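Oh and the sequence shown: position 232 is 232 in our numbering, straight run, nothing missing.
Rather than coming from a laboratory, the hints here were simulated on the basis of the structure.
Since the model is a prediction, treat every value here as computed from it, not as a measurement.
Using N, Cα and C, we set each Cβ at its ideal position, and we do this for glycine too.
Fair warning: there could be bad hints in the mix.
Each computed SDA-like pair below joins lysine to any residue, with the alpha-carbon atoms no more than 20 Å apart [unchecked claim]:
1) Lys262 - Leu281
2) Lys61 - Lys109
3) Lys215 - Ser285
4) Lys86 - Lys106
5) Lys300 - Thr235
6) Lys106 - Lys129
7) Lys282 - Ala296
8) Lys174 - Asn207
9) Lys215 - Arg266
10) Lys129 - Val173
11) Lys174 - Phe256
12) Lys349 - Leu327
13) Lys213 - Asn283
14) Lys80 - Lys110
15) Lys300 - Val255
16) Lys106 - Arg29
17) Lys43 - Thr91
18) Lys341 - Leu317
19) Lys61 - Arg29
What follows is a set of in silico ranges between Cβ atoms, one per label pair, in the way DEER data are often shown [said to hold, decoys possible]:
20) Ser83 - Gln170: 30 to 36 Å
21) Gln246 - Asp138: 41 to 47 Å
22) Thr120 - Thr253: 36 to 42 Å
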Amino acid sequence: MKIKTGNRCILYLLLALMLFPGAAAAADRSIENFVSQREQWQKLLGVSQTLEGRISTFSSKSLRFRNCPIPFYFAGPIPKLDSTFKNIEVTGELARENGRIIFRIKSLKKMPTDMEHFVTEETRIDRTKAREWYALADWARQRAEFYDDAELTQKALNAYQSGIDVEYRQLLVKQPESLLKLADRAQQYQLDAQLSNALRHEALVLNWQELQKQKKPDQGPLVSQLLQFFPTAKTPQKQDMPEERQQYLENQTEVFNQADQKRRERLVRWFYAQILLEGILKNLSEGGSNGFEIAARIEKQLPERMDLVTQYQTMQLDFDFNRVGELARQYVLDLSQEYQKRGNPKKSKQTLVN
Numbered sequence: 001m002k003i004k005t006g007n008r009c010i011l012y013l014l015l016a017l018m019l020f021p022g023a024a025a026a027a028d029r030s031i032e033n034f035v036s037q038r039e040q041w042q043k044l045l046g047v048s049q050t051l052e053g054r055i056s057t058f059s060s061k062s063l064r065f066r067n068c069p070i071p072f073y074f075a076g077p078i079p080k081l082d083s084t085f086k087n088i089e090v091t092g093e094l095a096r097e098n099g100r101i102i103f104r105i106k107s108l109k110k111m112p113t114d115m116e117h118f119v120t121e122e123t124r125i126d127r128t129k130a131r132e133w134y135a136l137a138d139w140a141r142q143r144a145e146f147y148d149d150a151e152l153t154q155k156a157l158n159a160y161q162s163g164i165d166v167e168y169r170q171l172l173v174k175q176p177e178s179l180l181k182l183a184d185r186a187q188q189y190q191l192d193a194q195l196s197n198a199l200r201h202e203a204l205v206l207n208w209q210e211l212q213k214q215k216k217p218d219q220g221p222l223v224s225q226l227l228q229f230f231p232t233a234k235t236p237q238k239q240d241m242p243e244e245r246q247q248y249l250e251n252q253t254e255v256f257n258q259a260d261q262k263r264r265e266r267l268v269r270w271f272y273a274q275i276l277l278e279g280i281l282k283n284l285s286e287g288g289s290n291g292f293e294i295a296a297r298i299e300k301q302l303p304e305r306m307d308l309v310t311q312y313q314t315m316q317l318d319f320d321f322n323r324v325g326e327l328a329r330q331y332v333l334d335l336s337q338e339y340q341k342r343g344n345p346k347k348s349k350q351t352l353v354n
């Protein structure tokens, strides 16, 4: 059966629509998308389409787009090109000539540069809608990757950051789950790790605050999550920094957000240490009768807190001193010797007298 020429053209256009849905005849699209669909070029010979991108080189007869392997030849009236033409839009069709695929340009017009386009679109979007920031950022990132454009990459990152900021401000109630989702999004968009770390830290603080309201909290999951996000928290500091630690524990989120990376590593150590300390102190007996046991655990897990080691050892010594009359002779001798080692001969002697 013979197919009439008109019907053949219709079928040809339908093929183009199936390959590139959502447009008539062939969709207007960027050079990066055009190049990514190069396996379809053979099927689109003779189909009119419009392409846009950055110009690479040009002459009186042809031009090339950056990062596009085929030449574009002029087949109609073309405006005079000069160095001010950075981005252009061409309309024409693919053709085969001397065994190779080329593009015949029927019309051409000058377009805004990518940076100009970004700035224009940035003024048009609704700045209160995160999805519009993300859409603009996606466009900029894709273009930047294709053209290896560091400046446009930074614009994309700034737009992603603005979207995250909008979502954060619009949280009616801050919940750990929503903050962690935002942190994952910031990481997905390859934003500065300081941002995702701040969001995860705030989520951990909220979890800890909820645990502190419980009578018998299970701190295990919180500790595991903290170490997952901040593995250096397990590494002891060379020395305690009481003023910094206290300031942080009184206002964790604000102090952490204002800190640089080096200081943040110390702050999460104070956070981790405080959680462990609370767990250890739950085992402290009344009056401090097991102070040496508590001190040993602190020294093992929190070696920078030697002040607490001394404090709880002293607590047990005082407890034992106050009931020395009930103690076995050898225990009394050991207690006296302990005071002597600590440079307290007066109490050492008083222990034996009592």
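Now the hints, each set against the structure:
no.: 1; hint: Lys262 - Leu281; result: violated (29 Å)
no.: 2; hint: Lys61 - Lys109; result: holds (16 Å)
no.: 3; hint: Lys215 - Ser285; result: holds (17 Å)
no.: 4; hint: Lys86 - Lys106; result: holds (19 Å)
no.: 5; hint: Lys300 - Thr235; result: holds (12 Å)
no.: 6; hint: Lys106 - Lys129; result: violated (40 Å)
no.: 7; hint: Lys282 - Ala296; result: holds (15 Å)
no.: 8; hint: Lys174 - Asn207; result: holds (11 Å)
no.: 9; hint: Lys215 - Arg266; result: violated (29 Å)
no.: 10; hint: Lys129 - Val173; result: holds (18 Å)
no.: 11; hint: Lys174 - Phe256; result: holds (17 Å)
no.: 12; hint: Lys349 - Leu327; result: holds (16 Å)
no.: 13; hint: Lys213 - Asn283; result: holds (18 Å)
no.: 14; hint: Lys80 - Lys110; result: holds (11 Å)
no.: 15; hint: Lys300 - Val255; result: violated (28 Å)
no.: 16; hint: Lys106 - Arg29; result: holds (16 Å)
no.: 17; hint: Lys43 - Thr91; result: holds (18 Å)
no.: 18; hint: Lys341 - Leu317; result: holds (12 Å)
no.: 19; hint: Lys61 - Arg29; result: violated (23 Å)
no.: 20; hint: Ser83 - Gln170: 30 to 36 Å; result: violated (45 Å)
no.: 21; hint: Gln246 - Asp138: 41 to 47 Å; result: holds (44 Å)
no.: 22; hint: Thr120 - Thr253: 36 to 42 Å; result: holds (37 Å)
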